[in-house]
Amino acid sequence: MTEQFNFDVYLGYAGYALVGAFVDSVIVTGLLLLLGMLVSPNWGAGARRVVLIVPLAVVTIWAVAGQVYFVFRESPPSWMEWILVRMPYHQTEAMIVLWVLVISSTIFPIYFILRGNRLKTWILAFTDRLGVLAGFYLVLDGLALIWVIFRLATGEA
Numbered sequence: 039m040t041e042q043f044n045f046d047v048y049l050g051y052a053g054y055a056l057v058g059a060f061v062d063s064v065i066v067t068g069l070l071l072l073l074g075m076l077v078s079p080n081w082g083a084g085a086r087r088v089v090l091i092v093p094l095a096v097v098t099i100w101a102v103a104g105q106v107y108f109v110f111r112e113s114p115p116s117w118m119e120w121i122l123v124r125m126p127y128h129q130t131e132a133m134i135v136l137w138v139l140v141i142s143s144t145i146f147p148i149y150f151i152l153r154g155n156r157l158k159t160w161i162l163a164f165t166d167r168l169g170v171l172a173g174f175y176l177v178l179d180g181l182a183l184i185w186v187i188f189r190l191a192t193g194e195a
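Residues in the sequence shown are numbered consecutively from 39, following this note's numbering.
Keep in mind that the hints were calculated from the coordinates and are not lab data. Certain hints may be false.
Restraint ranges, calculated between C-beta atoms of paired labels, are given here [said to hold, decoys possible]:
1) L69 / W160: 20 to 28 Å
2) G193 / S116: 47 to 55 Å
3) A101 / Y54: 29 to 37 Å
Glycine included, C-beta positions come from ideal geometry on N, C-alpha and C.
Working from the sequences, and respecting the hints, build out all of it.
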């Protein structure tokens, strides 16, 4: 049952994880490109970037918030359990509340960021810096893909 772990096994695990994350990144990039076609070309490049970046950040925050309880092995707050227990009896109302919450958490930040020039400038500068990190991440993903293909070709997977 116990397998001898060496550096090759750890690289294999990391490679598969990075390739899985790369597939997620490709899907998100494709969705952002499709959403980018819906944004008016009359807006400036900065406004278009903000309109695409803020919903991605909000969805990321929602995803992280949804996993916090599983990562730290804690139970949700009692008020959330109370709502979830009663949800099967009031599904329509619960779905309406959830949709309003998700849409408002996306629309309001975009509105306030586009109104405030300082915050918009800060977000655009942050995403420019984040682009360098994303480039490094893509290099690591490429190396992981090569490593996984090599392992599959040699039969070590």
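Q: For the range 47 to 55 Å, tell me whether the beta carbons of G193 and S116 fit it or not.
A: holds, 52 Å
Q. Using the C-beta atoms of A101 and Y54, is the stated range 29 to 37 Å upheld?
A. For Y54 against A101, whose Cβ atoms are near 21 Å apart, the range 29 to 37 Å is violated.
Q | CB-CB spacing for W160 and L69 relative to the 20 to 28 Å hint | A | Hint holds: Cβ distance 25 Å, inside 20 to 28 Å.
Going down the numbered hints, you'll see the structure goes against just number 3.
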